[in-house]
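> Sequence:
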Amino acid sequence: MTTEKILEIVVMYREQFEKKGIPKIRMDPRKTLGSLSSKERLAHAHYLLDGIMEYAQNPEKKGKTGRHLASVQMILSFENWFTLEELTNHNPPNIG
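So the sequence shown is numbered by my numbering: it starts at 413 and just counts up by one.
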(Lines of atoms letter the chains of each structure in order from A; the text may use other names.)
(Lines give C-alpha, C1' and ligand atoms only; values in the text may rest on other atoms or scores of the structure.)
Protein backbone atom coordinates (compact mmCIF):
# COMPACT_ATOMS: atom_id res chain seq x y z
CA MET A 413 0.00 0.00 0.00
CA THR A 414 1.31 3.45 -0.84
CA THR A 415 2.03 6.14 1.73
CA GLU A 416 -0.67 8.27 0.13
CA LYS A 417 -3.27 5.51 0.56
CA ILE A 418 -2.29 4.97 4.20
CA LEU A 419 -2.61 8.70 4.90
CA GLU A 420 -5.98 8.77 3.13
CA ILE A 421 -7.25 5.94 5.36
CA VAL A 422 -5.93 7.67 8.50
CA VAL A 423 -7.70 10.91 7.55
CA MET A 424 -10.94 9.00 6.97
CA TYR A 425 -10.73 7.30 10.38
CA ARG A 426 -9.70 10.52 12.14
CA GLU A 427 -12.77 12.28 10.70
CA GLN A 428 -14.98 9.52 12.10
CA PHE A 429 -13.39 9.71 15.56
CA GLU A 430 -13.71 13.49 15.65
CA LYS A 431 -17.29 13.41 14.37
CA LYS A 432 -18.21 11.00 17.18
CA GLY A 433 -16.28 12.96 19.82
CA ILE A 434 -13.76 10.18 20.54
CA PRO A 435 -10.70 11.63 22.33
CA LYS A 436 -7.08 10.54 21.73
CA ILE A 437 -5.92 8.65 24.81
CA ARG A 438 -3.14 6.07 24.97
CA MET A 439 -4.22 2.95 26.82
CA ASP A 440 -2.40 1.77 29.91
CA PRO A 441 0.17 -0.71 28.49
CA ARG A 442 -0.30 -2.93 31.55
CA LYS A 443 -3.91 -3.60 30.57
CA THR A 444 -5.37 -5.79 27.84
CA LEU A 445 -7.65 -4.46 25.13
CA GLY A 446 -10.33 -6.81 26.42
CA SER A 447 -10.26 -5.21 29.86
CA LEU A 448 -10.96 -1.75 28.42
CA SER A 449 -14.34 -0.18 27.83
CA SER A 450 -15.50 0.48 24.30
CA LYS A 451 -14.73 4.20 24.75
CA GLU A 452 -11.21 3.41 25.99
CA ARG A 453 -10.49 1.09 23.05
CA LEU A 454 -11.72 3.68 20.56
CA ALA A 455 -9.72 6.44 22.28
CA HIS A 456 -6.60 4.28 21.97
CA ALA A 457 -7.30 3.62 18.28
CA HIS A 458 -7.64 7.38 17.76
CA TYR A 459 -4.35 7.88 19.61
CA LEU A 460 -2.59 5.39 17.30
CA LEU A 461 -3.44 7.42 14.20
CA ASP A 462 -0.79 10.07 14.95
CA GLY A 463 1.88 7.37 15.03
CA ILE A 464 0.67 5.92 11.74
CA MET A 465 0.91 9.37 10.13
CA GLU A 466 4.48 9.72 11.40
CA TYR A 467 5.65 6.16 10.62
CA ALA A 468 4.14 6.14 7.13
CA GLN A 469 6.62 8.85 6.10
CA ASN A 470 9.61 6.62 6.92
CA PRO A 471 10.22 3.55 4.70
CA GLU A 472 12.17 1.92 7.55
CA LYS A 473 8.99 2.01 9.67
CA LYS A 474 6.80 0.22 7.11
CA GLY A 475 6.25 -2.75 9.41
CA LYS A 476 5.33 -0.59 12.38
CA THR A 477 2.97 1.43 10.19
CA GLY A 478 1.20 -1.75 9.10
CA ARG A 479 0.96 -3.12 12.64
CA HIS A 480 -0.53 0.09 13.97
CA LEU A 481 -3.00 0.34 11.08
CA ALA A 482 -4.01 -3.30 11.62
CA SER A 483 -4.50 -2.59 15.35
CA VAL A 484 -6.76 0.36 14.60
CA GLN A 485 -8.75 -1.65 12.08
CA MET A 486 -9.10 -4.57 14.50
CA ILE A 487 -10.50 -2.23 17.16
CA LEU A 488 -12.89 -0.64 14.65
CA SER A 489 -14.17 -4.07 13.63
CA PHE A 490 -14.44 -5.24 17.25
CA GLU A 491 -16.46 -2.11 18.03
CA ASN A 492 -18.79 -2.80 15.08
CA TRP A 493 -17.78 0.29 13.11
CA PHE A 494 -16.78 -1.70 10.02
CA THR A 495 -17.06 -5.25 8.73
CA LEU A 496 -14.00 -7.17 7.60
CA GLU A 497 -15.13 -6.68 4.00
CA GLU A 498 -15.38 -2.92 4.48
CA LEU A 499 -11.93 -2.77 6.09
CA THR A 500 -10.47 -4.81 3.23
CA ASN A 501 -11.95 -2.32 0.79
CA HIS A 502 -10.29 0.55 2.68
CA ASN A 503 -6.84 -0.84 1.93
CA PRO A 504 -6.83 -3.05 -1.15
CA PRO A 505 -3.53 -4.69 -2.11
CA ASN A 506 -1.23 -2.92 -4.54
CA ILE A 507 -2.06 -3.78 -8.13
CA GLY A 508 0.53 -3.94 -10.85
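Errors might be hidden in some of the hints.
[Said to hold, decoys possible] No more than 20 Å apart at the CA atoms, straight line, and that leaves these computed lysine-lysine pairs for PhoX-like: (1) Lys-473 with Lys-431; (2) Lys-476 with Lys-417; (3) Lys-451 with Lys-474; (4) Lys-451 with Lys-473; (5) Lys-417 with Lys-473; (6) Lys-432 with Lys-417.
[Said to hold, decoys possible] Derived Cβ-Cβ restraints for the label pairs, each shown as a range: (7) Lys-474 with Lys-432: 25 to 31 Å; (8) Gln-428 with Leu-448: 17 to 23 Å; (9) Pro-471 with Asp-440: 30 to 36 Å; (10) Ile-437 with Ala-482: 18 to 24 Å; (11) His-502 with Gly-475: 18 to 24 Å; (12) Gly-433 with Asn-470: 26 to 32 Å; (13) Met-465 with Met-486: 16 to 22 Å; (14) Ala-482 with Glu-452: 15 to 21 Å.
Calculated from the structure, these hints are not laboratory results.
Glycine residues also receive a C-beta, built at the ideal position from the N, C-alpha and C atoms.
> Does each hint fit the structure? Answer for all of them.
Against the structure, the hints come out as follows:
1. Lys-473 with Lys-431: 29 Å, violated
2. Lys-476 with Lys-417: 16 Å, holds
3. Lys-451 with Lys-474: 28 Å, violated
4. Lys-451 with Lys-473: 28 Å, violated
5. Lys-417 with Lys-473: Given pair Lys-417, Lys-473 holds - Cα atoms ~16 Å apart, limit 20 Å.
6. Lys-432 with Lys-417: Violated - the C-alpha atoms of Lys-417 and Lys-432 are around 23 Å apart, more than 20 Å.
7. Lys-474 with Lys-432: 25 to 31 Å: 29 Å, holds
8. Gln-428 with Leu-448: 17 to 23 Å: 19 Å, holds
9. Pro-471 with Asp-440: 30 to 36 Å: 31 Å, holds
10. Ile-437 with Ala-482: 18 to 24 Å: 20 Å, holds
11. His-502 with Gly-475: 18 to 24 Å: Cβ of His-502 to Cβ of Gly-475: about 19 Å, so the range 18 to 24 Å holds.
12. Gly-433 with Asn-470: 26 to 32 Å: 31 Å, holds
13. Met-465 with Met-486: 16 to 22 Å: Since Met-465 and Met-486 have Cβ atoms about 19 Å apart, the given range 16 to 22 Å holds.
14. Ala-482 with Glu-452: 15 to 21 Å: 19 Å, holds
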